[in-house]
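Sequence lines, in order, name chains A and B. For the first sequence, numbering that gives the first Met the number 0 begins at 0 and goes up steadily by one. For the second sequence, numbering that gives the first Met the number 0 begins at 0 and goes up steadily by one.
To be clear, the hints were calculated from the coordinates, so they are not data collected in a lab. All values derive from a computational prediction rather than experimental measurement. Ideal placement from N, C-alpha and C gives every residue a C-beta, glycine not left out. Keep in mind that the hints are not guaranteed to be accurate.
[Said to hold, decoys possible] Below 35 angstroms or equal to it, Euclidean Cα-Cα: the simulated DSBU-like pairs (lysine-lysine) are:
| id | chain 1 | residue 1 | chain 2 | residue 2 |
| --- | --- | --- | --- | --- |
| 1 | B | Lys91 | B | Lys161 |
| 2 | B | Lys233 | A | Lys103 |
| 3 | B | Lys24 | B | Lys257 |
| 4 | B | Lys71 | A | Lys103 |
| 5 | B | Lys161 | A | Lys42 |
| 6 | B | Lys257 | B | Lys91 |
| 7 | B | Lys97 | B | Lys24 |
| 8 | A | Lys103 | B | Lys122 |
| 9 | B | Lys257 | A | Lys103 |
| 10 | B | Lys257 | B | Lys70 |
| 11 | B | Lys161 | A | Lys73 |
| 12 | A | Lys103 | B | Lys161 |
| 13 | B | Lys70 | B | Lys226 |
| 14 | B | Lys122 | A | Lys73 |
| 15 | B | Lys24 | A | Lys103 |
| 16 | B | Lys122 | B | Lys97 |
| 17 | A | Lys1 | B | Lys97 |
| 18 | B | Lys71 | A | Lys1 |
| 19 | B | Lys70 | B | Lys91 |
| 20 | B | Lys226 | B | Lys97 |
| 21 | B | Lys24 | B | Lys52 |
| 22 | B | Lys52 | B | Lys91 |
[To be verified] Chain A side only, calculated, beta carbon under 7 angstroms to chain B, not exhaustive:
| id | residue |
| --- | --- |
| 23 | Ser86 |
| 24 | Glu87 |
| 25 | Glu99 |
| 26 | Tyr100 |
| 27 | Ile109 |
| 28 | Ser112 |
| 29 | Glu116 |
[Stated by the list, open to error] Negatives, chain A to chain B, calculated, CB over 10 angstroms:
| id | residue |
| --- | --- |
| 30 | Arg13 |
| 31 | Arg18 |
| 32 | Ala34 |
| 33 | Leu37 |
| 34 | Glu43 |
| 35 | Pro55 |
| 36 | Arg68 |
| 37 | Asn84 |
| 38 | Asp108 |
| 39 | Leu119 |
Residues per chain, in single letters:
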Amino acid sequence: MKHCLIVDDSRVVRTVAGRIIQDLSFTVSEASHGAEALEMCRKEMPDAILLDWNMPVMNGLDFLRALRREDRGKDPVVVFCTNENDSEHISEAIRAGANEYIMKPFDADIVESKFAEVGLV
Amino acid sequence: MQESTFNELADLALRNSGQHFAPTKSYLMDARLSNISRRESFATMDDLEQCLKASPNPRFEQEVAAALTSKKTSFFSQRDVIEQIVSHALPKRLELSKSGKLRVWCAGVSTGQEAWSLAMRIKEQVGSPLATAEIEIIGSDLSTDCVETAKRGIYGHFDVQKGLSIHRLMTNFSRHDNSEWEINDELRGTVYFRRQNLLNPASDLGGFDVILCSDVVGSLAKQAQRKVLETLSKQMLPEAYLFFGTDEAIEGLSDTIKPSRNMRGAFEKRSTSGETAVA
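In isolation and in its complexed conformation, chain A is listed as follows (with noise of 0.2 angstroms):
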């Protein structure tokens, strides 16, 4: 069973979001800030990472950018999920290496679409 990691400073968020990836035959785990999400990859890399962008004590911006500078020989698929919906921050999230970018609000069928995308279901 493939892990996601869902990065969001929103409870309601990673639970909401956590349902759909859980019904897509992921496990899931939660952290509230990028701080955090990067420890705990340090400690076991997840296959997919389902990331916020503004978030205290580490956005989700630094964190992908400390996430790909890492080399632990796996290297996750990082799909945004963000109310930053404008061209710029998208442009600079791939620059950054995002694979995909979720604007929110969103649902279920949003989040397969791009998890297809990216060829995580």
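Put chain B on the given structure of chain A with help from the hints.
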């Protein structure tokens, strides 16, 4: 919805578009007519049907019939078929083309995503012979509202996130301030939309190298299926290909087409003596 209302609306759909509604599908009618019903402030579908009967209005009747046929679609919903068309059918047609021009008809295209998806995939063929070919895509639908939406090429937040990768979205669309996304001019120059009832002849559209008609035929009554397949086959250029949706069972529905021997998933026109080729 009363049984008599269902019967009247089912008859309207059958007359106008050939669409067959089984009695168990009244919920689908409700869903498809909900926008019109809300706009016109009808309390129930029975009121809508009474209005159609009490003051006959061909435009309104046509609008209701078109709404009853509407199909839910998304970008790249026929991904495998589009791949087959772009990777195999169009290159093969191009080999036979003296002018370097190809024409594709997306028939029953609803709000246009299928036609735009095909245009995007063709645009991605950099370095292949298709990149220099002149390819015209015509999208048609029975519903004037759907055709207008397709022509506008502006799609909402949820529409652009289903079937489209972020790279395709960023390459082919521009974002409006209200979170809608609009197709870029580069694609607009290759895709045209118009209203077309597939039960009627479409000879003014001219001949096509490839026709894609997905999720249309399966919901039609038998006689309408034959009529639609006849309309489509008449617009096929010699040795052209006709594609349907991936899961659609078409074989045997009409003697005007037959499975292609050299193109996986495609149908070709069955030649009959004395037939006049389309121009």
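Hint check results:
1. With a CA separation close to 30 angstroms, the supplied pair B/Lys91 and B/Lys161 stays within the 35 angstroms bound.
2. A distance of roughly 46 angstroms separates the Cα atoms of B/Lys233 and A/Lys103; the hinted pair therefore is violated under the 35 angstroms criterion.
3. A distance of roughly 31 angstroms separates the Cα atoms of B/Lys24 and B/Lys257; the hinted pair therefore holds under the 35 angstroms criterion.
4. Only pairs whose Cα atoms come within 35 angstroms are accepted, and B/Lys71 paired with A/Lys103 is accepted, the gap being roughly 22 angstroms.
5. Between B/Lys161 and A/Lys42, the direct Cα distance comes to roughly 34 angstroms. Compliance with the 35 angstroms bound is thereby established for this hinted pair.
6. As the CA atoms of B/Lys257 and B/Lys91 are separated by approximately 18 angstroms, the hinted pair is consistent with the 35 angstroms bound.
7. A distance of roughly 49 angstroms separates the Cα atoms of B/Lys97 and B/Lys24; the hinted pair therefore is violated under the 35 angstroms criterion.
8. For the hint linking A/Lys103 to B/Lys122, the alpha-carbon distance of about 29 angstroms falls within 35 angstroms, and the restraint holds.
9. Distance hint between B/Lys257 and A/Lys103 is unfulfilled; the C-alpha atoms sit about 46 angstroms from each other, more than 35 angstroms.
10. Between B/Lys257 and B/Lys70, the direct Cα distance comes to roughly 26 angstroms. Compliance with the 35 angstroms bound is thereby established for this hinted pair.
11. Between B/Lys161 and A/Lys73, the direct Cα distance comes to roughly 28 angstroms. Compliance with the 35 angstroms bound is thereby established for this hinted pair.
12. Under the criterion of a C-alpha separation no larger than 35 angstroms, the hint pairing A/Lys103 with B/Lys161 is consistent with the structure, at around 13 angstroms.
13. Of the supplied pair hints, the one linking B/Lys70 and B/Lys226 holds, its CA atoms being roughly 20 angstroms apart against a limit of 35 angstroms.
14. For the given pair, B/Lys122 sits about 33 angstroms from A/Lys73 by alpha-carbon distance, which is consistent with the 35 angstroms threshold.
15. About 34 angstroms separates the Cα atoms of B/Lys24 and A/Lys103, which keeps this hinted pair within 35 angstroms; it holds.
16. For the suggested pair B/Lys122 and B/Lys97, the alpha carbons sit about 21 angstroms apart, so the restraint of at most 35 angstroms is met.
17. Of the supplied pair hints, the one linking A/Lys1 and B/Lys97 is violated, its CA atoms being roughly 51 angstroms apart against a limit of 35 angstroms.
18. Among the hinted pairs, B/Lys71 with A/Lys1 is consistent with the structure: their alpha-carbon atoms are about 31 angstroms apart, no more than 35 angstroms.
19. Distance check on the hinted pair: B/Lys70 and B/Lys91 sit about 31 angstroms apart at the alpha-carbon level, within 35 angstroms; holds.
20. Note on B/Lys226 and B/Lys97: the hinted pairing holds, with a Cα-Cα distance of about 32 angstroms set against a maximum of 35 angstroms.
21. Between B/Lys24 and B/Lys52 the CA atoms are separated by roughly 22 angstroms; this keeps the pair inside 35 angstroms, and the hint holds.
22. Between B/Lys52 and B/Lys91 the CA atoms are separated by roughly 51 angstroms; this puts the pair beyond 35 angstroms, and the hint is violated.
23. For A/Ser86, the shortest C-beta to C-beta distance to chain B is roughly 5 angstroms, which falls under 7 angstroms, so the interface hint holds.
24. Among the interface hints, the one on A/Glu87 is violated; its C-beta lies about 10 angstroms from the nearest C-beta in chain B, farther than the 7 angstroms criterion.
25. Look at A/Glu99: its Cβ gets to within about 5 angstroms of chain B, closer than 7 angstroms, so that hint holds up.
26. Interface restraint check for A/Tyr100: the shortest CB-CB distance to chain B comes to about 4 angstroms, inside 7 angstroms, so the restraint holds.
27. A hinted interface residue such as A/Ile109 counts as satisfied when its beta carbon comes closer than 7 angstroms to some beta carbon of chain B; here the least separation is about 4 angstroms, so the hint holds.
28. Evaluation of the A/Ser112 hint against chain B yields a held restraint, the C-beta minimum of about 5 angstroms falling below 7 angstroms.
29. The restraint placing A/Glu116 at the interface with chain B holds, with a minimum CB-CB distance near 4 angstroms, inside the 7 angstroms limit.
30. With 10 angstroms as the threshold on Cβ separation, the claim that A/Arg13 sits away from chain B holds: the shortest Cβ distance comes to roughly 20 angstroms.
31. With a minimum CB-CB distance of about 18 angstroms to chain B, A/Arg18 clears the 10 angstroms threshold, and the non-interface call stands.
32. Every CB of chain B lies more than 10 angstroms from the CB of A/Ala34, the least distance being 26 angstroms, so the non-interface label holds.
33. The non-interface label for A/Leu37 is consistent with chain B: the shortest C-beta to C-beta separation is roughly 23 angstroms, beyond 10 angstroms.
34. No Cβ of chain B comes within 10 angstroms of the Cβ of A/Glu43; the nearest lies about 27 angstroms off, and the non-interface call holds.
35. Every C-beta of chain B lies more than 10 angstroms from that of A/Pro55, the closest at about 26 angstroms, which supports listing it as non-interface.
36. The Cβ of A/Arg68 lies farther than 10 angstroms from every Cβ of chain B, with a closest approach of about 22 angstroms, so its non-interface assignment holds.
37. The claim that A/Asn84 is not at the interface with chain B is violated, since a C-beta of that chain comes within 10 angstroms of its own (minimum 6 angstroms).
38. Its beta-carbon lying about 6 angstroms from the closest one in chain B, A/Asp108 breaks the requirement of being farther than 10 angstroms from that chain.
39. The Cβ of A/Leu119 sits about 13 angstroms from the closest Cβ of chain B, beyond the 10 angstroms cut-off, so the non-interface label holds.
Hints 2, 7, 9, 17, 22, 24, 37 and 38 from the earlier list are contradicted by this structure; the remaining hints agree with it.
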